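Undergrad: Chains as they are written, first to last, in my numbering: chain F, 1 to 338; chain X, 1 to 329.
I should point out that these hints are in silico values taken from the structure, not numbers from a laboratory.
This structure is a prediction, so every number in the text was calculated from the model and none was measured.
Each residue gets a CB set at the ideal place from its N, CA and C atoms; glycine is no exception.
Be careful, since some hints might not be right.
Pairwise CB distance ranges (calculated) [unchecked claim]:
no.	chain 1	residue 1	chain 2	residue 2	range
1	F	82	X	27	44 to 54 Å
2	F	270	X	327	35 to 45 Å
3	F	330	X	316	47 to 57 Å
4	F	289	X	254	29 to 39 Å
5	X	95	F	337	52 to 62 Å
6	X	278	F	328	26 to 36 Å
7	F	125	X	94	35 to 45 Å
8	F	262	X	327	37 to 47 Å
9	F	262	X	298	33 to 43 Å
10	X	298	F	172	13 to 23 Å
11	X	152	F	337	29 to 39 Å
Pulled from the structure, derived: some chain X residues nowhere near chain F, Cβ distances all over 10 Å [what the hints assert, rightly or not]:
no.	residue
12	130
13	131
14	140
15	143
16	321
17	322
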Amino acid sequence: MTTANAIVPESGAPASGGNALLEAVGLKKYFPVTKGLLISKTTGHIKAVDGVSFELRPGETLGIVGESGCGKSTTAKMMLMLEDPTEGFIRFEGSEIRATDAATRREYRRSVQAVFQDPWSSLNPRMRVKDLIAEPMVINWEISRSEIQERVLKLLNDVGLSAYHANLYPHEFSGGQRQRLAIARALSLNPKVIVLDEPVSALDVSIRAQIMNLLKDLQAEYNVSYMLIAHHLATVRYMCTWVAVMYLGRIVELSPVKDLFANPSHPYTKALMSAALPSHPDTVQEEMILTGEVPSPLNPPPGCHFHTRCPFAMDHCGVDEPQVKEVGPGHTVSCHLF
Amino acid sequence: MVTQAATERDVVLRVNDLRTYFQTRWGTVKAVDGISFDLRRGETLGIVGESGSGKSVTMLSLMRLIPMPPGRIVSGSIMLDGEDLLQLSDGEMNRVRGSKIALIIQDPMTSLNPVFTIGNQVSEAIAIHQNIPKRSVMEQALSVLRKVNIPAAESRMRDYPHQLSGGMRQRVVGAIGISCQPQVLIADEPTTSLDVTIQAQYLALLKELQQDSNVALIFITHDFGIVAKMCDRVAVMYAGRIVEQGSVRDIFNRPSHPYTEALLASVPRMEEDVDRLYSIEGQPPTLHDLPPGCPFADRCQYVMERCREEYPTRTTISEGHDASCWRLI
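When you get a sec, could you build the whole thing from the sequences and use the hints?
TA: Here is the structure:
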């Protein structure tokens, strides 16, 4: 890490640096709020993402957890180049993606794919499965039809479907099978990173484990890194190697998954864990129910964004922004308590 | 809660052999096919199942809100406080619905009317069911809103639903539910659209309300976490039937139906590392074309020949804990 990003706390960037595949440095995304129809003027900004840094290494899974409005989906969109960051940059294999030429950017888009939450709306209902899965290859690769055909069948097989399914339409599949199709499509270009935006939360309980296990198997087979957006902590624990906890556009805690669950440090992380539902009626949980709701990102509280709901808030929490402190190897927290 | 339920022992709601079928162009869909359970005062019963298991149709049948046609409650009885809801006329049912048995629906975005104020919608239920002057209706509406911890309740009375956050809206729906002190309150996935910290607040509120009024709660959910946190007893549904029911500890410690066992094993845990989750293969069956025998047979790891021929009889495992599986016989 260089000194160039002194403006933002280097939250997240684990000490090692070097071998990161994908790196976000001080990412910010402000959406202007305008008023007036003809002569519109900007009256403020929604600070959806407000200085987020992390890195993703080959073969690992980074989970991003937080409540709605914390900026996790906007972060994912920026990683997919669907939104341009207001500030900060993304580095892929060492080079900053927005500073490079069009060919490299296209290569980046090929290497970073996505699987979305709702497989009912993410697959074109008018295309047959074989065309859906072949489409990225037809666009991006110059390979023959028979090669594409062969690869479609292999992908279908890898996600647990069979050659027979290739000629069907998406509506003929159940939710779990559709999510398998979306995964096959995302894998078709041999990507290096897949952004998974709540990949199982729209599925039935008995199907979720199937898809989570499939994603883990495919990760090993294709050596792909995942960025998993989730709100369910147990899913994150099962799937991830690293976890970033977000609140109101900022990462409040970033840690290797084991360390986060063994030693949650930020009060918000603790609150999330105590709010999570127990897996057994006899589970003893720390009672820490937060009062109030997440403040508006249009006008986030000064100082630490969490101080309005924090049970440990001190006077200066509402004034100074907390610095990022390391509390364990790779485990960083932004909180005045440390 | 458990001790109270045990001492009083009074059953508020007794459902016996309830069957609700739908006529569709693919044939008869047996959405609920012979379920029976008891609910005691102050107790919380969780009805767990996946989509298509019949849990929501059960809820609609209890409220007698099944659209007829195509639906029809074919047989069974729903005894609420000594009165069979299925024998009541529509007018009599309107009197019961909302006052003795009330409902909190899943989605607070659509369950409130966007063109009426909060005060209007809360007082509507009170005005319909209680013959009291208009001023006291408003007073009572206000006190109900205070009970569900809505800050600045007076000014909120004049607000429209879109001015409230999701959590607040769900509180309003809860307020309408409890406004006439019902004996049974059915909550259909009341927190699925809420964030986790808001969910925790809402669940704590429901517990508090239950302790105050001793209402019997039915929680319709697909999430065993909610069951573990909230419920005293659990009924697990699969393909329109209750496959296992028992106390919450019986279900978690000694799941006896393979479906319950598999479902519990397939949920990741927050407290410990799991290398690999157990995953149930296949999908829930379609209800219009159920095979004879046990509908779980195709996905069951212990399947025997008999399972495909005959539906298993209900077997008692211990007091209050039973399951329908041939393995137990």
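Undergrad: All hints, please: hold or fail.
TA: Here is how each hint holds up against the structure:
no., hint, in the structure
1, F:82 <-> X:27: 44 to 54 Å, "holds (45 Å)"
2, F:270 <-> X:327: 35 to 45 Å, "holds (43 Å)"
3, F:330 <-> X:316: 47 to 57 Å, "holds (53 Å)"
4, F:289 <-> X:254: 29 to 39 Å, "holds (31 Å)"
5, X:95 <-> F:337: 52 to 62 Å, "holds (56 Å)"
6, X:278 <-> F:328: 26 to 36 Å, "holds (32 Å)"
7, F:125 <-> X:94: 35 to 45 Å, "holds (42 Å)"
8, F:262 <-> X:327: 37 to 47 Å, "holds (39 Å)"
9, F:262 <-> X:298: 33 to 43 Å, "holds (40 Å)"
10, X:298 <-> F:172: 13 to 23 Å, "holds (19 Å)"
11, X:152 <-> F:337: 29 to 39 Å, "holds (32 Å)"
12, 130, "holds (32 Å)"
13, 131, "holds (38 Å)"
14, 140, "holds (26 Å)"
15, 143, "holds (21 Å)"
16, 321, "holds (14 Å)"
17, 322, "holds (19 Å)"
Going through the hint list in order, the structure satisfies each hint without exception.
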